[in-house]
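K.L.:
The primary structure of each chain is shown beneath.
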Amino acid sequence: MSAPAGQRTAFAARLGRLWARTWPPLLGVAILLGAWQLLYLVEFRPPWVFPSPGEVATSLVELARDPVSWSALGTTLTRGVVGFGLALLLGTALGIALSASRVLRSAIGSLLTGLQTMPSIAWFPFAILLFGLTEQAILFVVILGAVPSIANGLISGIDDVPPALVRTAHTLGARGFSMYRYVVVPAALPTYVAGLKQGWAFAWRSLMAGELLVVIAARPSLGVQMTFFREFADTAPLLATMIVILVIGMVVDGVLSRVSNRVRLRRGLGAVRL
Amino acid sequence: MSAGTEMAIRARGVTKLFGRGTDQVVALDGVDLEVAEGEFVCLLGRSGCGKSTLLSMIAGLTRPSEGEIDMGGRRVGMMFQDSNLFPWLTVEGNIHLALRLSGAPKDQWADRTAELLDMVHLPGMQLRRPHELSGGMRQRVALARSLAQDCQILLMDEPFAALDAITRDALHDQIERVWAERRLTIVFVTHNVREAARLGDRVVVMQPSPGRIAEEVRVTLARPRKMDDPLIATRAAALHDKLDKYHVIAEQGRTS
Ligand SMILES: Nc1ncnc2c1ncn2[C@@H]1O[C@H](COP(=O)(O)OP(=O)(O)OP(=O)(O)O)[C@@H](O)[C@H]1O
Ligand SMILES: [Mg+2]
Numbered sequence: 000m001s002a003p004a005g006q007r008t009a010f011a012a013r014l015g016r017l018w019a020r021t022w023p024p025l026l027g028v029a030i031l032l033g034a035w036q037l038l039y040l041v042e043f044r045p046p047w048v049f050p051s052p053g054e055v056a057t058s059l060v061e062l063a064r065d066p067v068s069w070s071a072l073g074t075t076l077t078r079g080v081v082g083f084g085l086a087l088l089l090g091t092a093l094g095i096a097l098s099a100s101r102v103l104r105s106a107i108g109s110l111l112t113g114l115q116t117m118p119s120i121a122w123f124p125f126a127i128l129l130f131g132l133t134e135q136a137i138l139f140v141v142i143l144g145a146v147p148s149i150a151n152g153l154i155s156g157i158d159d160v161p162p163a164l165v166r167t168a169h170t171l172g173a174r175g176f177s178m179y180r181y182v183v184v185p186a187a188l189p190t191y192v193a194g195l196k197q198g199w200a201f202a203w204r205s206l207m208a209g210e211l212l213v214v215i216a217a218r219p220s221l222g223v224q225m226t227f228f229r230e231f232a233d234t235a236p237l238l239a240t241m242i243v244i245l246v247i248g249m250v251v252d253g254v255l256s257r258v259s260n261r262v263r264l265r266r267g268l269g270a271v272r273l
Numbered sequence: 000m001s002a003g004t005e006m007a008i009r010a011r012g013v014t015k016l017f018g019r020g021t022d023q024v025v026a027l028d029g030v031d032l033e034v035a036e037g038e039f040v041c042l043l044g045r046s047g048c049g050k051s052t053l054l055s056m057i058a059g060l061t062r063p064s065e066g067e068i069d070m071g072g073r074r075v076g077m078m079f080q081d082s083n084l085f086p087w088l089t090v091e092g093n094i095h096l097a098l099r100l101s102g103a104p105k106d107q108w109a110d111r112t113a114e115l116l117d118m119v120h121l122p123g124m125q126l127r128r129p130h131e132l133s134g135g136m137r138q139r140v141a142l143a144r145s146l147a148q149d150c151q152i153l154l155m156d157e158p159f160a161a162l163d164a165i166t167r168d169a170l171h172d173q174i175e176r177v178w179a180e181r182r183l184t185i186v187f188v189t190h191n192v193r194e195a196a197r198l199g200d201r202v203v204v205m206q207p208s209p210g211r212i213a214e215e216v217r218v219t220l221a222r223p224r225k226m227d228d229p230l231i232a233t234r235a236a237a238l239h240d241k242l243d244k245y246h247v248i249a250e251q252g253r254t255s
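Respectively, the protein sequence lines represent chains X and L. Letter by letter, the first sequence follows residues 0 to 273 of numbering that gives the first Met the number 0. Letter by letter, the second sequence follows residues 0 to 255 of numbering that gives the first Met the number 0.
Hints were generated in silico from the structure; no laboratory data involved. One should not assume that every hint holds.
[What the hints assert, rightly or not] Just so you have them, the derived chain X footprint on chain L, three or more residues with Cβ under 8 Å:
id: 1; stretch: 31 to 44
id: 2; stretch: 76 to 85
id: 3; stretch: 104 to 115
[As the list claims (entries may be wrong)] Some chain X residues flagged as far from chain L (calculated, every beta-carbon gap over 12 Å):
id: 4; residue: Gly-15
id: 5; residue: Pro-46
id: 6; residue: Thr-77
id: 7; residue: Leu-114
id: 8; residue: Thr-116
id: 9; residue: Phe-125
id: 10; residue: Arg-166
id: 11; residue: Gly-172
id: 12; residue: Val-184
id: 13; residue: Ala-232
id: 14; residue: Asp-233
id: 15; residue: Thr-234
id: 16; residue: Val-262
id: 17; residue: Arg-266
By construction, the Cβ of each residue, glycine as well, lies at the ideal position given by its N, Cα and C atoms.
Use the sequences and the hints to build the structure in full.
P.N.:
Here is the structure:
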């Protein structure tokens with residue numbers, strides 16, 4: 000008798016917690032949609048350039064029924080994954096090399112930080128001359144956008160490993176590789192993951208810039224789709240595509256944030272509110 | 000030290016300077032210290048007289064500015080003044096890492112860990128994380144971790160400063176037992192005169208500014224000892240007077 004009742008209250012408590020977490024963002028979205036609808040109703044711009052939320056939602060459904068837009072999504076996601084994946088490998092290797100070698104560090108350390116501030120879209124004219132209107136041109140810029148953040152995250156993570164922990168590990172017998180494997184890398188992990196997050200943001204931005212500039216014939220992508228909708232002044236599906244781009248960026252960032260929070264919570268680094 | 004006893008640690012003329020120019024601090028000034036194999040030496044001294052500095056030089060973490068320290072190739076373990084547990088590992092993970100780095104076979108880790116945690120009065124705490132423990136508990140995990148490594152010389156920097164008297168007494172018994180069983184050489188830093196008298200074969204009294212060895216006192220009480228032994232209280236009182244004396248001398252030296 001009491002067990003199901005206990006289960007029910009536990010279930011209710013879980014539901015309550017879920018609700019407590021979901022209502023603020025839902026409210027935010029509702030306010031946004033309300034304002035949008037209002038702007039539409041007062042005709043701040045003609046309806047064919049400024050559609051209502053409802054029309055955009057309809058476009059979204061239409062896009063979801065169209066196999067071409069799925070293949071566009073597939074192309075863009077593949078580029079994102081490949082580009083970010085390569086940037087991850089390169090950035091990590093570069094980060095390790097730079098934190099291991101003082102010479103290398105003083106040679107290109109500040110250049111790397113400088114690259115981080117450079118808008119990656121500025122690379123495209125050069126990339127297009129170098130590779131033509133090709134996949135390589137896009138990947139090149141995506142990688143250039145993400146690598147500095149990832150490498151710098153790892154470098155500052157390694158720089159900030161508490162010296163006391165390194166000394167402790169030394170007295171426990173850690174040297175060279177085992178010092179890296181069991182102490183330096185785990186200690187640097189939170190900052191590294193923060194670098195990955197930033198790297199993803201840059202990669203995704205560069206990718207969108209690239210798809211708008213480097214239009215490869217007969218290969219639909221989200222960027223090509225947007226160009227197409229703009230040329231036909233078809234605002235509703237354009238906005239629908241933008242929503243898809245926003246959501247993908249947020250989902251990946253959310254996954255990385257969760258990883259980052261877990262890593263930090265496990266070592267007692269969670270945010271404290273007093 | 001009877002004739003023929005080998006020295007585990009030989010420090011000769013060890014001086015350590017920190018900083019440069021007018022900011023220079025003489026942390027240690029010409030320290031000579033010999034510790035015989037299997038000896039339990041307590042370093043006693045007021046705060047800032049260079050005890051931690053001396054230990055970290057013996058552990059090879061910093062080099063002396065002058066002089067030399069020779070351990071004859073013995074393996075040195077160290078327990079720090081702060082627990083310095085690895086925050087990304089559980090209690091168990093911290094101890095396992097010490098076992099791994101000292102080459103213990105993997106199938107023994109779990110048993111050794113349980114044994115060590117029992118010894119520091121933290122049974123069943125394997126899966127806790129360092130930030131979930133109290134300061135004294137962390138210090139005891141650090142003790143367990145330092146005992147997990149396979150070393151011949153163990154340096155301990157105020158390991159029990161954060162503990163209540165009852166737990167500390169129990170750990171004194173344990174450390175004395177492990178020391179005797181494993182024939183360890185221990186250098187143990189403390190501020191506490193009773194602790195020094197309870198544990199040490201020899202108590203090295205240090206004086207501050209600059210850090211020097213002021214005097215050495217042999218404690219020839221039978222083992223195992225008990226903290227509430229009145230003889231220990233007598234020795235502790237004598238040590239306390241010495242500490243006072245050298246502190247006053249140092250103060251006068253500074254003002255004159
Ligand atoms: N890294 C450092 N840089 C500059 N000065 C230092 C450094 N480490 C220690 N000192 C100085 O050396 C002196 C001795 O320090 P040490 O930590 O060895 O003292 P201690 O005897 O261990 O003191 P306590 O009992 O408080 O731990 C102090 O005056 C301290 O300020
Ligand atoms: Mg100290």
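K.L.:
If a hint holds in the structure, say so; if it does not, say that too.
P.N.:
Evaluation of the provided hints:
1. 31 to 44: violated (count 0)
2. 76 to 85: holds (count 6)
3. 104 to 115: violated (count 0)
4. Gly-15: holds (26 Å)
5. Pro-46: Pro-46 of chain X is indeed farther than 12 Å from all Cβ atoms of chain L, at 56 Å.
6. Thr-77: holds (34 Å)
7. Leu-114: holds (30 Å)
8. Thr-116: holds (31 Å)
9. Phe-125: The assertion about Phe-125 of chain X holds, with a minimum of 42 Å to chain L.
10. Arg-166: Violated: least Cβ distance 5 Å, not greater than 12 Å.
11. Gly-172: violated (4 Å)
12. Val-184: At roughly 10 Å from the nearest Cβ of chain L, Val-184 of chain X sits no farther out than 12 Å, so the non-interface label is violated.
13. Ala-232: Holds, since 54 Å exceeds 12 Å.
14. Asp-233: Holds, because the least Cβ-Cβ distance between Asp-233 of chain X and chain L comes to about 51 Å, which exceeds 12 Å.
15. Thr-234: holds (50 Å)
16. Val-262: violated (8 Å)
17. Arg-266: violated (4 Å)
Violation of the numbered hints given earlier is confined to hints 1, 3, 10, 11, 12, 16 and 17; the remaining hints are satisfied by the structure.
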